[in-house]
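Asks: Please construct the entire structure, taking both the sequences and the accompanying hints into account.
So you can see what is in the structure, the chains are spelled out below.
2 protein chains.
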Amino acid sequence: MDALKSKVQSKYDEFSKGLKMVAKHFLANPEAFAMNSGVQVGQEINVSETTVIRFSHALGYSGYSALQKDVQEQLLNKKSSLFEFHHMKNSTDMDQEFSKKMMVKDAEVILQTAERLNVEDFTKAVDHLARSERVLVSGVRSSHAMAQWFSFTLDLMRGNVRLFRPDTDDIMLRISEMNEGSTFVAFSFHRYALETINMAKEAKRQGAFVIGITDSEVAPIREHADILFTVQLPIKSTLDVAPAVFSLMNAIVGAVAVKNSEQFAKRTKVYEELQLNRFFGE
Amino acid sequence: MDALKSKVQSKYDEFSKGLKMVAKHFLANPEAFAMNSGVQVGQEINVSETTVIRFSHALGYSGYSALQKDVQEQLLNKKSSLFEFHHMKNSTDMDQEFSKKMMVKDAEVILQTAERLNVEDFTKAVDHLARSERVLVSGVRSSHAMAQWFSFTLDLMRGNVRLFRPDTDDIMLRISEMNEGSTFVAFSFHRYALETINMAKEAKRQGAFVIGITDSEVAPIREHADILFTVQLPIKSTLDVAPAVFSLMNAIVGAVAVKNSEQFAKRTKVYEELQLNRFFGE
DNA sequence: ATTATAATGAAGTTTATTCTTTTTTTCAAC
DNA sequence: GTTGAAAAAAAGAATAAACTTCATTATAAT
Numbered sequence: 001m002d003a004l005k006s007k008v009q010s011k012y013d014e015f016s017k018g019l020k021m022v023a024k025h026f027l028a029n030p031e032a033f034a035m036n037s038g039v040q041v042g043q044e045i046n047v048s049e050t051t052v053i054r055f056s057h058a059l060g061y062s063g064y065s066a067l068q069k070d071v072q073e074q075l076l077n078k079k080s081s082l083f084e085f086h087h088m089k090n091s092t093d094m095d096q097e098f099s100k101k102m103m104v105k106d107a108e109v110i111l112q113t114a115e116r117l118n119v120e121d122f123t124k125a126v127d128h129l130a131r132s133e134r135v136l137v138s139g140v141r142s143s144h145a146m147a148q149w150f151s152f153t154l155d156l157m158r159g160n161v162r163l164f165r166p167d168t169d170d171i172m173l174r175i176s177e178m179n180e181g182s183t184f185v186a187f188s189f190h191r192y193a194l195e196t197i198n199m200a201k202e203a204k205r206q207g208a209f210v211i212g213i214t215d216s217e218v219a220p221i222r223e224h225a226d227i228l229f230t231v232q233l234p235i236k237s238t239l240d241v242a243p244a245v246f247s248l249m250n251a252i253v254g255a256v257a258v259k260n261s262e263q264f265a266k267r268t269k270v271y272e273e274l275q276l277n278r279f280f281g282e
Numbered sequence: 001m002d003a004l005k006s007k008v009q010s011k012y013d014e015f016s017k018g019l020k021m022v023a024k025h026f027l028a029n030p031e032a033f034a035m036n037s038g039v040q041v042g043q044e045i046n047v048s049e050t051t052v053i054r055f056s057h058a059l060g061y062s063g064y065s066a067l068q069k070d071v072q073e074q075l076l077n078k079k080s081s082l083f084e085f086h087h088m089k090n091s092t093d094m095d096q097e098f099s100k101k102m103m104v105k106d107a108e109v110i111l112q113t114a115e116r117l118n119v120e121d122f123t124k125a126v127d128h129l130a131r132s133e134r135v136l137v138s139g140v141r142s143s144h145a146m147a148q149w150f151s152f153t154l155d156l157m158r159g160n161v162r163l164f165r166p167d168t169d170d171i172m173l174r175i176s177e178m179n180e181g182s183t184f185v186a187f188s189f190h191r192y193a194l195e196t197i198n199m200a201k202e203a204k205r206q207g208a209f210v211i212g213i214t215d216s217e218v219a220p221i222r223e224h225a226d227i228l229f230t231v232q233l234p235i236k237s238t239l240d241v242a243p244a245v246f247s248l249m250n251a252i253v254g255a256v257a258v259k260n261s262e263q264f265a266k267r268t269k270v271y272e273e274l275q276l277n278r279f280f281g282e
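Protein sequence lines correspond, in order, to chains A and B.
Going left to right, the first sequence walks through residues 1 to 282 as full-length UniProt numbering numbers them.
Going left to right, the second sequence walks through residues 1 to 282 as full-length UniProt numbering numbers them.
Hints listed in this document are in silico derivations from the structure and should not be mistaken for laboratory results.
Treat each hint with caution, since some may be false.
Since the list gives no way to pick one copy over another, a pair counts as held whenever it fits inside one copy or between any two copies.
As the list claims (entries may be wrong) - Dumping the calculated DSS-like pairs for lysine-lysine here, alpha-carbon to alpha-carbon at most 27 Å:
no.	residue 1	residue 2
1	Lys5	Lys204
2	Lys11	Lys24
3	Lys124	Lys101
4	Lys69	Lys5
5	Lys24	Lys69
6	Lys101	Lys266
7	Lys266	Lys17
8	Lys11	Lys204
9	Lys100	Lys124
10	Lys5	Lys201
11	Lys201	Lys24
12	Lys24	Lys124
13	Lys201	Lys7
14	Lys7	Lys124
15	Lys11	Lys201
16	Lys5	Lys20
17	Lys201	Lys20
18	Lys204	Lys24
19	Lys201	Lys124
20	Lys259	Lys101
21	Lys259	Lys100
The model shown is predicted, which means the values in this text are computed figures rather than measured ones.
Replies: Okay, here's the thing in structure tokens:
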């Protein structure tokens with residue numbers, strides 16, 4: 001399989017626009033080629049069957065059927081070799097075990113978080129985030145990445161979202177901009193930086209709606225939050241909450257996008273059109 | 001697969017002579033059923049196509065096509081393991097459905113990413129990240145949160161990790177610090193900001209080891225990366241890759257921590273002791 | 001702007017596959 | 001050995017897939 005894949009990778013640059021789309025899809029999901037007909041594959045990627053066949057030709061096959069046969073064989077061989085791999089327990093694939101195990105754990109934490117999520121709170125939070133005039137997001141140190149992603153993504157969606165930047169922003173100024181039409185989102189995780197907590201307190205005093213995202217139901221931020229989302233790890237876990245928090249944020253942002261779908265479509269269109277070639281590759 | 005196989009086994013005694021032959025062959029070599037047409041399967045076991053079709057009927061399928069599709073799916077375990085577990089039928093609430101669905105999808109993407117992860121690459125990357133004198137991390141715009149988290153966390157672990165800051169850092173200066181003992185980590189996701197790509201190119205030219213984290217096997221960063229990790233979403237998905245990327249990073253950082261465990265323990269101890277009460281709550 | 005070149009998808013043709021119907025074979029009972 | 005029931009094969013019809021051609025559209029070069 002890898003041989004075929006790297007062949008596709010190496011030829012990728014010579015391909016036309018349509019072929020590139022097919023190639024990308026092939027690399028991402030070769031199973032689709034093994035199991036479906038040419039038309040089906042084409043439909044899935046919005047390309048004509050003809051282009052799929054041309055892709056086969058470009059790789060040196062006589063047609064789609066030939067490519068499909070080859071993919072099928074390689075895929076099934078890989079399966080069996082992977083199966084063998086699982087059985088040998090020597091030390092070299094400890095790492096495989098390790099990475100996989102950790103990621104499975106992350107997935108489990110996400111499911112558990114989803115399970116525990118309070119629907120009412122979720123709906124209310126989404127509602128405020130969609131409607132608020134202004135949104136201010138804060139999170140420092142270990143929580144800063146979360147705050148950054150959340151504000152960046154939400155700003156794409158609805159605008160008027162601001163990330164508090166501890167290095168350059170003035171706390172008092174930012175806080176003074178908060179009022180009844182504002183929402184403040186605080187990311188406060190273990191060690192619970194006082195900066196964020198105090199901001200939440202002040203924001204609330206100014207009448208803003210405060211959403212707290214944290215790792216414990218008794219975290220200090222709870223006092224100042226109208227809504228509290230908690231992402232909890234299994235005890236004694238060395239995991240990081242980040243994957244689960246991002247999944248939660250993803251759901252929130254997605255829900256906001258759905259709620260404001262027309263506004264969202266307009267904004268992203270404008271954003272896409274703005275892109276200048278000299279800033280981006282491909 | 002096992003379910004289907006044992007069904008065949010249990011019905012075996014009731015079968016006619018011809019069907020028994022087909023059943024035997026099916027148990028021995030189900031791949032043939034996944035990949036070949038009815039006639040071909042028949043020929044291989046000296047039985048008519050009709051008998052193969054009858055075999056499909058005997059198992060309760062509408063015809064050979066239906067059997068084949070099922071076998072294909074089971075062999076490539078297209079059926080996601082999670083979907084089986086989390087059949088959410090209980091909730092009537094649309095919002096609950098929504099948030100949960102999104103998060104379940106995130107979990108699935110993580111599992112798939114774990115599945116596809118190349119062990120060798122993972123080991124090699126961890127090795128470099130643990131041993132390198134210096135590590136430089138870059139990611140702008142939508143990738144910036146990832147870069148921030150990764151550099152922050154890895155820096156806690158081993159030190160000498162630097163995040164490239166587009167607003168204040170000088171590209172040339174940062175690049176010129178790279179050499180054979182350095183590792184450069186590039187987060188390059190859709191729209192593929194040129195800044196990161198060019199930095200990777202230059203870093204490589206300076207002899208640094210380059211690790212690319214991206215969303216496609218043909219993303220532009222691939223040319224300049226010694227190791228490429230791809231986190232792919234199912235096509236047509238409106239999801240964000242962030243949760244899966246964070247899970248991958250989590251695994252990487254975790255592996256580095258294990259590798260450098262004594263160093264890591266010392267560093268975090270120092271860090272913990274440093275904390276002054278007036279910075280943190282509780 | 002104009003032309004030449006290449007890429008694309010719609011429509012049409014051919015080939016392959018599945019499924020149904022009909023005929024033939026098998027085999028046991030008499 | 002004939003007969004009849006049951007199963008398999010062969011033939012045929014219907015369907016679906018793969019491939020080809022060609023007109024249209026996009027891209028690049030002048």
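Asks: Checking an output row: Lys266 and Lys17, CA cutoff 27 Å. Within, between, both or neither?
Replies: For Lys266 and Lys17, only the intra-copy Cα distance (26 Å) is at most 27 Å; the inter-copy one is 53 Å.
Asks: If the cut is 27 Å between Cα atoms, do Lys201 and Lys124 qualify within a copy, between copies, both or neither?
Replies: within (20 Å within a copy, 46 Å between copies)
Asks: If the cutoff is 27 Å on CA atoms, where do Lys24 and Lys69 land: within, between, both or neither? Let me know, please.
Replies: Both: 19 Å inside a chain and 24 Å across chains, each within 27 Å.
Asks: Is it within, between, both, or neither for Lys24 and Lys124, if the alpha carbons may be no more than 27 Å apart?
Replies: Between. Shortest inter-copy distance 25 Å satisfies the 27 Å Cα cut-off; intra-copy 39 Å does not.
Asks: Please sort Lys5 with Lys204 into within, between, both or neither, judging by C-alpha distance up to 27 Å.
Replies: between (52 Å within a copy, 24 Å between copies)
Asks: If the cut is 27 Å between Cα atoms, do Lys201 and Lys7 qualify within a copy, between copies, both or neither?
Replies: The answer is between: 23 Å across copies meets 27 Å, while 56 Å in one copy does not.
Asks: Within a copy, between copies, both or neither: where do Lys11 and Lys24 come within 27 Å Cα-Cα?
Replies: Intra 12 Å, inter 43 Å, cutoff 27 Å: intra-copy only.
Asks: When no copy is specified for Lys101 and Lys266, does a C-alpha distance of 27 Å or less occur within a copy, between copies, both, or neither?
Replies: Intra 41 Å, inter 25 Å, cutoff 27 Å: inter-copy only.
Asks: Since the copies are identical, ignore which copy is meant and state whether Lys201 and Lys20 lie within 27 Å (CA to CA) inside a copy, between copies, both or neither.
Replies: Cα proximity of Lys201 and Lys20: across copies only (23 Å, versus 52 Å in one copy).
Asks: If the cut is 27 Å between Cα atoms, do Lys259 and Lys101 qualify within a copy, between copies, both or neither?
Replies: The answer is between: 16 Å across copies meets 27 Å, while 36 Å in one copy does not.
Asks: When no copy is named, should Lys7 and Lys124 be tagged within, between, both, or neither for a Cα gap of at most 27 Å?
Replies: Between. Shortest inter-copy distance 23 Å satisfies the 27 Å Cα cut-off; intra-copy 44 Å does not.
Asks: Since the copies are identical, ignore which copy is meant and state whether Lys201 and Lys24 lie within 27 Å (CA to CA) inside a copy, between copies, both or neither.
Replies: Result: close only across copies, 23 Å inter versus 49 Å intra.
Against the hints set out earlier in the document, no violation occurs for any number.
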